[in-house]
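**Q** So the chains spell out like this:
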Amino acid sequence: MKKYIIAIFAASVFLTSCEDFLTVVPETQLSSATFFKNQKDFEQAVNATYAPLRTIFNDRAWLLGEMHSDNTYYARNVLFGAVDNQEDLADFSVPVSNGTTANTHVLNQWRQDYLIIARANQILDLIDDVTFDEVAKANIKGQALFLRAFAYFELARYFGSVPLHLTPVTVRSEAALPLSPEADVYAQIVSDLVAAIPLLKDKATQEAGRATAGAARTLLANVYINQKKWADAEQVLRPVVTSGQYRLMPTYAAAFSDNASNKNNVESVFEVQYLEGAAGLQGNFIYQFLPRPISAAELQPITGTSNPQPVDGEGNNIPTPDIIAAYEPGDLRKDVSIGYVFLNGAFQVPKTLPYILKFAKKHSQHNNHGTNWPVYRYAEVLLFMAEVLNEQGKTGEAIEFLNQVRTRAGLGATTASGQAGVREAIFKERRVELAFENKRWFDIQRTDRIQEIIVPYGNRIKANPQAYYYPPIAGAVPRNNVFTNLSKFYAYPAAESDLSPYF
Amino acid sequence: MNNHYLSRVKIRLFGFLLLMFCISVTSFGQTQSVRGVVTSEGEPVPGALVLIKGTQRGTVTDIDGNYSINAAAGEILVISFVGYSSKEVPVVGGQTVYDVTLDLSTSDLSEVVVVGYGSQIKKELTGAIQSVNGKDLQDMPVSSVAQKLQGRLAGVQINQTTGRPGQGMNVRIRGQLSVSGGSQPLYVVDGFPITGDINAINPDEIDDITVLKDAASTSLYGSRAANGVVLITTKKGKAGATNVNLNVFTGFQEVPEKGRLEMMNAEEFAQFKKEYYEDAKLPVPEAFQNPSQYRDKNNDWYDAVLQNAPISSYNLTLTSNKERVNTAVIAGVFDQKGVVINTDYRRFSMRMNTDYAVSDKVNIGVNVAPNYVVDNTPRSDGDRGTGILFNALHTWPVMPIYDEAGELTYFNRFPANTGNIFAYPNWVRSAQEITNETKVINLLANTYAEWKPIKGLSLKSTFNAEIRNSNYFFFNPSTATAQINVAIPTVAVSIRDENQDFTWLNENIATYDKKINDHSFQLLAGFSNQQFRRDRTRVQADTYADDRLPTIQGALNINRGGTISGVEEWTLTSIFSRATYNYKGKYLFTASVRGDGSSRFGSDNRWGVFPSTSLGWVLSDEEFMKTSSTISFTKLRASYGITGNNNIGNYTQYALVNNTINVAFGNTVTPGAAITSLNNSNLGWETTAQFDIGLDLGLWDDRVSFVYDFYTKNTTNLLYAVQIPQEAGFTNFNDNIGEIKFWGHEFSINAIPVAGAFRWNVNANISFNRNEVISLADGIDRVYGNQHITQVGKPFGQFYGMKKLGNYANAEDLANSPKIPGRSTVGSIKLADINGDGVITYGGDRDDRTIIGNPFPDFVYGIVNNFTYKNWDASITASGSQGNQLYMRHLYSTANLDGVFNMVRKAKDRFRSPENPGEGIFGTTVGGGNVTGVERDWNNSNFVWDASYFTIRNITVGYSFKKLGKSVKSARIYASGQNMWVFTKYWGGSNPEVSMQSDGQGDGGNLSPGVDLSAYPVPRTITIGANINF
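Respectively, the protein sequence lines represent chains E and L. Under the UniProt record's numbering, think of the first position of the first sequence as 1, with each following residue one higher. Under the UniProt record's numbering, think of the first position of the second sequence as 1, with each following residue one higher.
Here chain E stands alone, though its shape is the one from the complex:
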């Protein structure tokens, strides 16, 4: 009998230790089993939710929102291929078939927005199951709601109807959702922001750079304006004006972040945060906005770096003659916004070309800068106020807000009058005040002026390519498909469509 006991004992030791022996969890990485357990985890999670904004504003937003308008174009370099994706956006020739497009910028914008949404969903799904400081928790939830709304608002403006994910995906079958109507998407955005406003801290108490109650109000106002809900917009926006926490910086140049200073200043409502250096949090958008090929010597005065290197390829986001002409005489913003550089390279006959100056702040290392990107500034809050008041017939009050912006620009009070006149004045003021801040396409889109503005713009380019930076050589002319796709929304990204049964 004893020997059976020994045998059974041996067998049971073998079998019970087996499961332990076979359980090997990653030692050097956190896994889902060990994360989302405390306040610090949720703080880190909400921080990561901001991260895709860096990519969006450095690499995509200006292509989809600015170069896809009459404000900027590319400076053709015939020596350089594989530029269709950018050129198609500037040329309103994004290829579409069956409602989808292979344009990589459209695809990446989509993916980065949904990355924000997924991270926010993860937080919102789990945060109430964990007990910690209620004030901290409210602030985290508020930021998660703000960021989710921000991403959905981008998607709604770029695509219209989109899949509406509000809970985290855990299995493969949940990954794709049907398209939700645009109205449902807007309803969700509004509900998230309405919930976020009381949860978020204000600018005075929130850590600089994070979403604030003021930012959520401004975003919600923008959402209402897009829906032409003027009274709702006024109601949500007025506390931003009356809070006393925001004011215009003394000069237009000072409104924008420097490489390491003047970030999140008193005019700033919401900025995307970049940091120069090796931490991987830098931007390089000003390099993308330069005409090319540019030599190190031509580049250095613009960037001020110690190690300038020549940059090849094709320059993008080059201010058009149209935007240059849009500034009124004496507008101080013009020379702050647009600079000129003399290029001596390649097939470009040596030539002076304009570039976006207002973000080009001096920094130390080539292709690596910390200048923040302005998403919402108080100047836009004032122009939003002017617009919502004017649309409600309060034109006189609207003009007061408009003139605040004009005064700082060194301009006199607007001469516009009447609701329609002031409407047009605000529209023009937005163009120059917010030039190169990725507002132009959305303004044209929401005011239903695509045909009216883009068609003549296209004709001007086709009539005079060299004015739009085509080099004066044979064959350097606009492609024959330019200005053929003036749709309000971008087509859905083909790579996502391939994976979804719903679109």
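For the record, the hints were derived by calculation from the structure and aren't laboratory data. You may find that some hints are simply not true.
[What the hints assert, rightly or not] Selected chain L positions facing chain E (Cβ under 8 Å, derived; list incomplete):
#, residue
1, G419
2, I675
3, I724
4, S775
5, N930
All values derive from a computational prediction rather than experimental measurement. The beta carbon of each residue, even a glycine, is placed where N, CA and C say it ideally should be.
Could you slot chain L onto chain E? The hints should help.
**A** Same frame as chain E, now just chain L:
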């Protein structure tokens, strides 16, 4: 047997496993000295083995065929030699002389073949198994065993994908593939499935290599067996003798001019550039107005990074088998410089194998094999911008390698108006000055104790360990770079990557042999535990104050993103069992099963069960077959079994949190974290169910033997990171999906066409492997590689892109053909409108892409010829592959029609005008990137070229001396040439076996096979060697 007896065995078994071994005493019987001569067809047979059956006692015949050994009456002498049927002679009391005549045979059916967890008599094998004797491989002047096996094994395709010494051998058994798991076979060294690099093992240590191909042979290795199993047995002392053997060779390697990719020389390049501007009606830059000025100023950058390089090897082997101790000691030094400058590969190796018969019933043994491998290679292989060879290939030949003072230049750049987009460093400097060194210490150890308590029963316990410490050091000084467009001085960068691996395995196995009348049984049962752990530390630092001090503390900056510490660990617990039965050695039956529990499998799917069964029928033992005088042996085999592939990653089942998704607020870095993958607790192994049917045939007393196998296998539950729509916030979900069907035919023949004083032995094989994707995930009928598609209903990993029809011949052709809006012009590439919508479209819903080629061969084959005549011997080994294609991916740079890089010479014959349309391969340069970009950036059939080849792998000629003085028993000198000639139509580079190798989904990943990015060339090697026995 009664219960009492059974429980006694149980107690003994348990005690045995607990204590590993115990000792008892034994004695040997009375013996007499017997002697004789071994001959065949009138000639003495030297080196034949004379063994006393059932013992370890034995001797070897001398050069005249004489032997002498002590044997007792009643014992049986077994005389055997490769190429002859072995013979058994009973020793009779009083008779002391036994002369033996051996018969020629290509397959010794009584030969014992190593199989999984044991050995079997060849005649009784029921699986598809092939073995190669280490002796047949010893003359080849190469570093790794896989190189030596090329062309020798039916059904095993071995490609040398890069010539980097010690690297790049791609072994694929029966065409096995996986979407994302590993496809290399399992290597088992002396019973121990190793985790390290098989190429690190000194081939001179190897006695025998057995390849297990079908499921019945492999399924005892369970969840690791689906890619096939290679069993390697290291040397033991030959019975009765003490031998000292010195084996040395030395020689040199070169890259023959013939076969290299033909690029333009400086004058041709300047002429091209001149024409480029003229055709575009642009002013010709000054640098190219007069191409003939470069006539004597060519700079062959590719040749400049190559060299002729020495290779040598020294091996000393001592074997002894006396009393109860059997010892083999092998010490080796292998020293190879590479044919790319600043490459070397050195291996210092040692192996000590010792077995000790403690008594009749107890054996113990220890094998210890330490080695040290130093491998230094510049970053030779890789894509444009990262691989020095690719970079050198496409560097403008008008750029000087040396300046006027004869010093290596640092940096070359032409004026911007010449279209020189990229600045080039001096690649010779890059190769010389950049350190890229790996030092590895390997230690492989096996110990065992075996106890045979009663006749037929063996209880064996083993403990095996493998230690591997690899130390990688990379240093890029400020004076060099391996990338284009980096200014010199650059930022000096160092990387140190240290990996410490430890694997242990404990196996406990009981086997029981029993013969009752005509019924033979063998039962085997065992359990095992194995664990692997890797601790890794990688430090990346940059910005050095002084290039001479590349220490970590010498760096001004530690690169946080490149500095990692990590752990990789897995565990495996297994139980396994096999039963073998035969009746009269004529009807054969084997069944086996293994259960594997693995830490890699999801927590809800932890155990896999892998059964197999096989049958054999020796027809030639039947009365009705015995009348044939031609057919000497016939066996039919059939097997079926299930095996797994557990190369699915160690932590794939877990959802991981990335806690380095940091953000800045203001100027403060703030940590961020997010879940970046999805959890799958049901994740499991890939399953392969394989059926095999085979025929073994011997003719004319086995002077010709023939083996045929047909197999069919289905691999299901393929590990795949199924792409999901990223609206989910994740890119993929790791799942077991889909099914691939494989089938194939293997033939091999072994014959002795000429025997006698002149003897010719030939061994040839040919294999046909096919596959078809049966299904992928739900709703997914295709997955893409880089230039590839894997699509349901089609073979795996096909080249995918646009089909090239030619170039638009003239305006009329352009007007009447489908075009790419805005891009097609006269002379530009004309692509097929596959979907017939009138427009050429790449990707999207109007896609015109289609399958444009196949990286897999129609068949592969090999032939080995051995000749002996008196003291001379010679061998020729050749192998080939037919019908495979390569994707000549480097053309995207080396045929960039914008003249940004140097170009292949064929681009001289490009389209210039309708009157001068060229060879048709390359189109017009006019129109810049908008036009030429199609040809270059859109995957198309212009990149796909036939890469069938036939390679003379090795030619060896040797001469043997009988007796050289007192101390030298025998000696042989030989000359050997490796990779002598490659016959191929492939023009994209010197190695038609090339294939970019990488993990993951990129170029050379599982889904993207057969991509040529100009890898390290495989050299031709010429050596002389000597093999001396003392």
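**Q** Is the hint on S775 (chain L) kept, meaning its closest Cβ partner in chain E is under 8 Å away?
**A** Violated. Min distance 16 Å.
**Q** Holds or violated: I724 (chain L) as interface residue toward chain E, Cβ cutoff 8 Å?
**A** With a minimum Cβ separation of about 4 Å from chain E (threshold 8 Å), the hint on I724 (chain L) holds.
**Q** Take the shortest C-beta to C-beta distance between I675 (chain L) and chain E; is it under 8 Å?
**A** Because about 6 Å separates I675 (chain L) from the closest Cβ in chain E, which is inside the 8 Å limit, the hint holds.
**Q** Against chain E, run the beta carbon of N930 (chain L) and see if the smallest gap drops under 8 Å.
**A** holds (7 Å)
**Q** At a threshold of 8 Å, is the proposed contact between G419 (chain L) and chain E supported by beta-carbon distances?
**A** holds (6 Å)
Hint 4 from the earlier list is the only one contradicted by this structure; the remaining hints agree with it.
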